Every structure is written in C-alpha cells, then in structure tokens.
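Student: Sequence:
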Amino acid sequence: MAERKVRHILGLSGGKDSTALAVLLHREIPEMEYFFCDTHKELPETYEYLDRIKARLGIEIHYLSDKRGFDHWLAIHDGLLPSPQMRWCTVKMKIKPLEDFVGDDQAVSYIGIRADENREGYISTKPNIKPVFPFKERGLVKADIIRLLEDSGIGLPDYYRWRSRSGCFFCFFQRKYEWVMLAQEHPDLFQKAVEYESNHADGRTYTWTDGESLLQLLERKDEIIAHHEKLMAKERKASPNRPLNEVLEEFLEQQDHELPCLVCHL
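Here the sequence shown is numbered in my numbering, starting from 35 and rising by one per residue.
Hints were generated in silico from the structure; no laboratory data involved.
None of the values given here were measured: they were computed from a predicted structure.
Some hints here could point you the wrong way.
Taking lysine to aspartate or glutamate and the EDC-like style, the derived pairs with C-alpha atoms no more than 16 Å apart in a straight line are [stated by the list, open to error]:
{"hint": "1", "residue 1": "39", "residue 2": "67"}
{"hint": "2", "residue 1": "126", "residue 2": "112"}
{"hint": "3", "residue 1": "126", "residue 2": "100"}
{"hint": "4", "residue 1": "164", "residue 2": "67"}
{"hint": "5", "residue 1": "210", "residue 2": "246"}
Per label pair, the in silico range of CB-to-CB distance [what the hints assert, rightly or not]:
{"hint": "6", "residue 1": "81", "residue 2": "120", "range": "23 to 31 Å"}
{"hint": "7", "residue 1": "39", "residue 2": "237", "range": "51 to 59 Å"}
{"hint": "8", "residue 1": "247", "residue 2": "110", "range": "21 to 29 Å"}
{"hint": "9", "residue 1": "264", "residue 2": "162", "range": "35 to 43 Å"}
{"hint": "10", "residue 1": "82", "residue 2": "268", "range": "27 to 35 Å"}
Glycine residues also receive a C-beta, built at the ideal position from the N, C-alpha and C atoms.
Please construct the entire structure, taking both the sequences and the accompanying hints into account.
Tutor: Below, the structure written as structure tokens:
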C-alpha cells in the first residue's frame with residue numbers, strides 16, 4: 035500500500051502573524067492548504083483582509099465552520115456566554131472544524147508564533163497533526179513580520195486602527211476601549227452583542243465583561259476614551275518614531291491579564 039501523503043496546513047485568523055507566515059511560505063510550500071475557521075461572527079474588516087490576502091498571494095482559502103452556528107452552541111450551554119474561563123466557542127467553532135478538515139490524515143500545521151513571544155499556540159491533541167513554528171525556527175520577530183506584510187503589499191488589516199487583534203466582533207478578550215470603539219465603528223454589531231447579554235427568562239444575566247454590562251460600559255464611553263488617549267499620549271511620547279498601530283497594539287497588550295485564544299488571534 036502506498037504511503038499516505040502528508041498534508042501541509044496553515045490557519046489564517048485575519049491577524050498579522052498568520053498572514054505574514056503565509057507570505058513567507060506560499061512559494062516555499064506550494065502544496066500548502068490555507069484555512070480560516072469562520073464563526074460567521076467576524077468583523078467585516080476580517081473578511082476584507084482575507085480577500086486581500088487571496089488576491090495578493092494567489093492562494094485559495096478554505097473557510098471552515100460549524101454549520102450549527104454560534105447560537106446553537108449558546109443554547110446548548112444554556113445561554114452561558116463564552117469567557118476566558120469557559121472558552122467553548124474556541125473548541126466548538128475553531129478547533130473542531132479544523133480537526134474535521136484534517137481527519138485522520140498526517141498533517142504538518144504551520145503556526146505563526148514569533149521568536150520574541152513566549153507562548154505556544156494551539157497544539158492539537160490529535161497525534162496526526164504536528165505543529166511547527168517557522169518564525170521561531172528562523173528567529174523572526176515583530177519587525178520582520180511587519181516588513182513581510184509591507185513588502186507583500188498586503189499591509190495590516192483595517193481594524194488595527196482601533197483593535198489590536200482578530201476574532202469575533204463580541205470577543206470577550208476585547209478591552210473596554212475596544213468595546214466602545216466597536217460601538218463607534220460598528221454600532222449594529224455592538225447592538226447584537228448587547229442583545230446576547232439580555233436577561234434570561236429565569237432572571238439570570240450574563241455579561242461579556244466582568245461586573246459590567248455593555249450598556250453600562252457605553253455610559254462611560256467618554257471617560258474610557260479620555261483615559262485611553264491620555265495613556266496613549268504618554269506611550270507615544272516615549273516612542274515618538276513608532277507607527278501609531280504598533281504603539282496601540284503594545285499598549286493594549288500590556289493591559290491583558292490572560293492570553294487570548296491563539297487559534298483565533300494569531
């Protein structure tokens with residue numbers, strides 16, 4: 035019996051690191067299979083960025099999704115919104131579609147974690163999926179990733195103006211500033227996130243952020259933006275020659291208390 039061919043796969047999140055990895059490898063590994071785990075709850079800018087990647091690199095992207103959708107799994111979890119402590123959305127809508135896509139085939143999964151990061155990313159529990167980290171192997175850091183994106187003509191996604199990473203529009207890893215900017219940039223999506231917080235028939239309430247509903251947070255919009263701008267001004271004064279999006283990303287990352295789901299945010 036002929037030996038089964040090993041598949042090469044690369045997951046795109048709509049973020050800069052996985053995109054830069056595709057730029058780096060698309061000529062080196064022409065048989066690469068690119069995929070995007072689509073929750074159908076992504077930002078419009080994410081889909082636009084994926085279209086830009088396809089056009090610039092001339093690649094096909096497989097859009098993987100759980101056909102039952104987020105609302106189905108929300109009902110299964112009795113209305114409990116996903117959170118850093120209960121990341122059921124990642125398991126059901128990102129990891130499971132990927133593992134179904136690979137099946138029992140032997141696969142090498144290329145992961146865009148940089149050499150200047152101390153994290154491991156998603157590593158499948160399936161023994162037939164082997165993770166590799168080309169950026170770490172080659173010693174590539176954030177400056178190299180930005181250079182790859184600029185040289186390719188792809189650049190950064192538009193949401194980097196106000197948000198530092200990809201993911202669903204209601205991602206619970208958003209900071210308060212990003213929530214109020216979602217209300218400004220996409221009021222319709224913010225309203226949908228508010229609706230998910232609506233009280234249940236038995237009186238329970240779930241919120242996307244600890245101890246505060248989105249409507250309560252929005253009442254503090256001016257305060258949150260003013261505080262953010264004050265701290266950003268301090269950061270920019272310390273690094274006057276750095277691009278604004280880099281200052282924003284680093285500043286927001288400093289506020290993180292828990293690492294995000296890297297299958298969503300690379």
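Student: Now look at each hint and say whether the structure bears it out.
Tutor: Comparing the hints with the structure gives:
{"no.": "1", "hint": "39 to 67", "in the structure": "13 Å, holds"}
{"no.": "2", "hint": "126 to 112", "in the structure": "15 Å, holds"}
{"no.": "3", "hint": "126 to 100", "in the structure": "7 Å, holds"}
{"no.": "4", "hint": "164 to 67", "in the structure": "15 Å, holds"}
{"no.": "5", "hint": "210 to 246", "in the structure": "10 Å, holds"}
{"no.": "6", "hint": "81 to 120: 23 to 31 Å", "in the structure": "27 Å, holds"}
{"no.": "7", "hint": "39 to 237: 51 to 59 Å", "in the structure": "56 Å, holds"}
{"no.": "8", "hint": "247 to 110: 21 to 29 Å", "in the structure": "23 Å, holds"}
{"no.": "9", "hint": "264 to 162: 35 to 43 Å", "in the structure": "51 Å, violated"}
{"no.": "10", "hint": "82 to 268: 27 to 35 Å", "in the structure": "32 Å, holds"}
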